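Chemist: Hey, can you work out the whole structure from these sequences and the hints?
4 protein chains.
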Amino acid sequence: MNFCSDNVTGVAPEIMAAIADANHGAAMGYGNDDITRRLEKRAAELFEADLVAFPVATGTASNSLALSVMTPSYGAIYCHELAHINVDECGGPELFSGGAKLIDLPGANGKLDAALILDELSKGALGNVHNAQPSVVSITQATECGTIYKPDEVREIADLAHRHGLKVHMDGTRFANAVASIGCKPAELSWRAGVDALSLGATKNGAMAAELVIFFDRALADRFGYMRKRGGHLFSKMRFVSAQLEAYFNNGLWLKHAGHANKMARRLADGIGNLPETQILNPVEANLFFVKMPESVLTGLESDGFRFYREGGPETIRLVTAFNTDPAQVDAFIASAARHATSIPRRAVRTSAA
Amino acid sequence: MNFCSDNVTGVAPEIMAAIADANHGAAMGYGNDDITRRLEKRAAELFEADLVAFPVATGTASNSLALSVMTPSYGAIYCHELAHINVDECGGPELFSGGAKLIDLPGANGKLDAALILDELSKGALGNVHNAQPSVVSITQATECGTIYKPDEVREIADLAHRHGLKVHMDGTRFANAVASIGCKPAELSWRAGVDALSLGATKNGAMAAELVIFFDRALADRFGYMRKRGGHLFSKMRFVSAQLEAYFNNGLWLKHAGHANKMARRLADGIGNLPETQILNPVEANLFFVKMPESVLTGLESDGFRFYREGGPETIRLVTAFNTDPAQVDAFIASAARHATSIPRRAVRTSAA
Amino acid sequence: MNFCSDNVTGVAPEIMAAIADANHGAAMGYGNDDITRRLEKRAAELFEADLVAFPVATGTASNSLALSVMTPSYGAIYCHELAHINVDECGGPELFSGGAKLIDLPGANGKLDAALILDELSKGALGNVHNAQPSVVSITQATECGTIYKPDEVREIADLAHRHGLKVHMDGTRFANAVASIGCKPAELSWRAGVDALSLGATKNGAMAAELVIFFDRALADRFGYMRKRGGHLFSKMRFVSAQLEAYFNNGLWLKHAGHANKMARRLADGIGNLPETQILNPVEANLFFVKMPESVLTGLESDGFRFYREGGPETIRLVTAFNTDPAQVDAFIASAARHATSIPRRAVRTSAA
Amino acid sequence: MNFCSDNVTGVAPEIMAAIADANHGAAMGYGNDDITRRLEKRAAELFEADLVAFPVATGTASNSLALSVMTPSYGAIYCHELAHINVDECGGPELFSGGAKLIDLPGANGKLDAALILDELSKGALGNVHNAQPSVVSITQATECGTIYKPDEVREIADLAHRHGLKVHMDGTRFANAVASIGCKPAELSWRAGVDALSLGATKNGAMAAELVIFFDRALADRFGYMRKRGGHLFSKMRFVSAQLEAYFNNGLWLKHAGHANKMARRLADGIGNLPETQILNPVEANLFFVKMPESVLTGLESDGFRFYREGGPETIRLVTAFNTDPAQVDAFIASAARHATSIPRRAVRTSAA
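Protein chains in written order, with this note's numbering: chain H, 1 to 354; chain P, 1 to 354; chain X, 1 to 354; chain F, 1 to 354.
To be clear, the hints were calculated from the coordinates, so they are not data collected in a lab. Note that the structure is a prediction, hence the values are computed from the model and not measured. Some hints could be false.
Quick list of simulated restraints, FRET-style, between CB atoms [stated by the list, open to error]:
hint	chain 1	residue 1	chain 2	residue 2	range
1	F	116	P	113	42 to 52 angstroms
2	X	41	H	81	46 to 56 angstroms
3	X	153	H	81	39 to 49 angstroms
4	H	219	X	150	45 to 55 angstroms
The list that follows gives simulated cross-link-like pairs (lysine-lysine, BS3-like), each with its CA atoms no further than 27 angstroms apart [claimed, not checked]:
hint	chain 1	residue 1	chain 2	residue 2
5	X	41	X	263
6	F	185	F	41
7	P	185	P	256
8	F	292	P	123
9	X	263	X	185
10	F	292	F	263
11	P	263	P	292
12	H	150	H	292
13	H	185	H	256
14	X	263	H	123
15	X	123	H	292
16	F	185	P	292
Ideal Cβ placement from N, Cα and C applies to all residues, glycine included.
Modeler: Rendered as structure tokens:
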């Protein structure tokens, strides 16, 4: 009954089986194995692109290393103020880039506003030696607020970035949730919309520790292998990372997982959204959302054994569902919340923002 | 029949089982789980020390991150010229330390010579702003040549380092092999001999991807957590890394594994050491050694399907055994080598250097 | 007739004479000379403190190097969004700190708001490995808007910082202007108000290329010498940098210069503040201010040969006076502005914000 | 009577006059001034090349910044083990490059041996992710031993470097001494011999604090401006740095200075070379050399007021002459040495190595 994060979950059985299956005989290390080779081909098919792909094991590594080859050390990376790279990686992008500068921008529902990026780019920094040089726009898909950029929204930002000579990075920790939510092809939300590099997550969606850095702009990939090794992210027994990703893509597992997690979030939001004094704070488009509930309800939920992070403001929590969230647990959460809410005088019913 | 490295092997069954066992229910991420907490206690018992321990997943991460909290960015790290940190990590220690300088020294059989370190420390760099500041001595145990520092040898270097205000790091990728070879307690080869921080390996000895950074000097640990996170090496589903290490230590598995690998190396060296024109180049004390053999023998072995790295000079190869090396494969290697050696005119029989 | 910056000026005659005087005979390099030794004593007297002082030659070096010893690489530095370290040093602090994070905050008139800093510090980053660790508050004195923190304002911020374990840095590029404006002792605006390290400027106030990094918290100074050397900022013929600073302090030259520059800014603001459609945008407390004037006036001034930066918004310019600004030029500027303003229909007279 | 270094000297009168001359009226900062623009043209004429040139103020900045745009952070820089960048810059190249690796090689008389570089390049690092990537060869001209690479020697190394895709950097702190010694054109010792970037010194040859980073490979210059600013090496009152360099080049002052210094070194070496038990350790080709003399002579010289560094071995000192070394002081040194040598039993007369 843990709704803290999609990383409190374990490993999906299909992925655990793939790890066990990879454990036969010797295989050359550092990615010179058959599974890793197959994986890149598989990713190319899925994304319908002539891409270059590098497995790594954590989201911070995936984001920081991708960014490190997209910006010079004196570069600036535009991102949302809530972006994981900005607030939750303890300066990982700064470390791997050699001290690039993250310029964080506000934006409703965790989404970057193209107009604000344009404002920044119009300040005259480009080519001015006194300023960090605008180099990358990084967007999170799905966002840290559980919302999703539509393909057109990605394209608008990407076009703006490209017009000014910047590259586009997508933190796709929950990319599967975005694809499943929209029901589009992976290509439509990535390279066809202008994304140059995608940090595609699997760990939060059923893998043990596996992420895939994908370069649609192949030139960016030249330096990545060195940065990955230097960063300690080139695994000697790489086959066990690659096997997770291969299983992740097989038979649409990644989208099945993400679709389930999305559905559970929807079910949860629908179940609590109309409780008294309760306000869903963001559109519920993926597998997480923020909700404001009376303190007595929050305390009641906690005493009933439900876990979640208090985050985003007073009486506000983040609720996250996952690939293996049990509908019964969702329903139990709703029931608990409803029970604790009964004692609340009904002042105003706020509907979900979605 | 792959003798290239101990990382071409798979995962030991006990460790794979531990991974599977860890996959039950939700667990808080980033090391806030029961297995990780147990692991640190287990390590403290094994090493009979009030230590601080951090699981990571690769040897480069283990070494580079440990060093990053032992030296300022303007520091110098003394190491052997063949040290993994010097030649095989693509500048990992330089990256994480912010540009510290590795000063590499020669030394027979891959071992640092205390006299040469003293020479370096006597050059007047300490306190001189023009010079990188001597900060760490890093020794590899077992060495890259498959040799081992005895406790007294470690202590001599550590005492020298401490007298000059330097810290002592041990790259213990094959620390288990060293302990098994000597038959001492882990403490004797580490903190009791003056080691301040140990990068203890498991991946090459049966784990999937797990290493443990151990600080005997607890003050060094304060900054490590931030560096690990920033470096992308804090795993969200940490329990699966910790479970590997827990199983590694359980029932002496780590020493059983290492002992077997050592024994296989000894068997291999004994079997080929007396072949004509064959010279074992280093004492065989752990699970790897360098050997010079006639080109015709090397080619013959390769054509028989044996794999190994040509490394260390002309007609020279490195042979590595592992926790799961099959004695039959060792014997097959010996037989193949002997067969290909029969056509060689016997000029001189060189005995093993061991 | 150049009001672009106080760095478009030349060198004060007293300082040029000191440079020439220093050019007699041989002197040991790298600060091991008599002038440099005298300088530190002189600074200690002036600031009535047992300080450690390091001459450097540029403001970016002074700020970036000072910060580099005040924060770990995973640290966060709080500063105003307009701070020179944030927008005008091309990532210098990020480079020298090894990738620390600048967290910029808004604030009226270029001044940090203690309440906003407290908000940031209350977000829970301290001790949380996912977040850059709050390490330094950096304030600019006088600010980039030409305003001044009173001693009590500095102390409020410094006390807040110290209570949370942060250090306090002051970018004192125009520290002399602040001291001259308030008429206080240097100590009152620095260490007595809680400043741990001061980057004291001279270049913009009559020196050729000389700044002094002063540590009131002596422990911070230990690492500085190495960082300065490593950064290429340890001058071999240091006496010529130190001589500038010695002359700067002699006979109150620094405050005489700053007082003159402040007076010229006041004269300029008074002269144009009441022109039609003209709005002085900040209190005029030091030697620069922002002013909004009709485009026709700005174009007219430019065509009359006056130079200034268009900055801070539409129809907005920054005007900077200096130690050697000629009152006649100020009056000429006022006359030109008034002449070009005559054709403007007087809608509303806005008074200076000061 | 100070023979410690050519940086213990003051400033040449012509250069001091140029500094004073530059101090008229306002000039735009950061290199947007007439003198700086003229300087680049002047350098282009002198070197007969379409170069890009950036003034900086210290040798460490000149070397470290030049290297920072010639290597990726995961690059390797080959240099002599005595190179200033390797032992006397406290890790400056490591800082500015983001952690590149200096690989130092031995070589007689301070000169790199092309065969040893080839050995290194043949080890297979190129393209191997485990190894720092060979990126630059840096040679010092004149060397730290006071010897000189002939144009053909530079070319041999440069051709080797270029064939393997490496760039060639020249630490030309004493480039003037080399040109004056050989009597060639500057182009012959730089770009015509394959040098891609030259850190040209002036400070040790009569300037106050001025060095010129010259890129013959113009593509390398693109990133330099940002690195210089970020490093705190973009001077606001740049004209005073550029004025030094302009005067340095005017009327052949730089070569006149260097020629004098070289001549003084020759005179000194000739005068002491035949004293008993005295051995000049390197060919005397520029303005410094190492000499071994009996301890009693060294002590005698010191007691007579002569200053020099004991360096390079037992009873060994480094002697450096400069642009303004007085022949009378040289003769006084010789006389003092001869006087103190008289009491030494003449065992063997060793002639100068030159």
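Chemist: Evaluate each hint against the coordinates.
Modeler: Do the hints match the structure? See the list:
no.	hint	result
1	F/116 with P/113: 42 to 52 angstroms	violated (22 angstroms)
2	X/41 with H/81: 46 to 56 angstroms	holds (47 angstroms)
3	X/153 with H/81: 39 to 49 angstroms	violated (27 angstroms)
4	H/219 with X/150: 45 to 55 angstroms	holds (54 angstroms)
5	X/41 with X/263	violated (30 angstroms)
6	F/185 with F/41	holds (17 angstroms)
7	P/185 with P/256	holds (14 angstroms)
8	F/292 with P/123	holds (18 angstroms)
9	X/263 with X/185	holds (19 angstroms)
10	F/292 with F/263	holds (20 angstroms)
11	P/263 with P/292	holds (20 angstroms)
12	H/150 with H/292	holds (26 angstroms)
13	H/185 with H/256	holds (14 angstroms)
14	X/263 with H/123	violated (31 angstroms)
15	X/123 with H/292	holds (18 angstroms)
16	F/185 with P/292	violated (52 angstroms)
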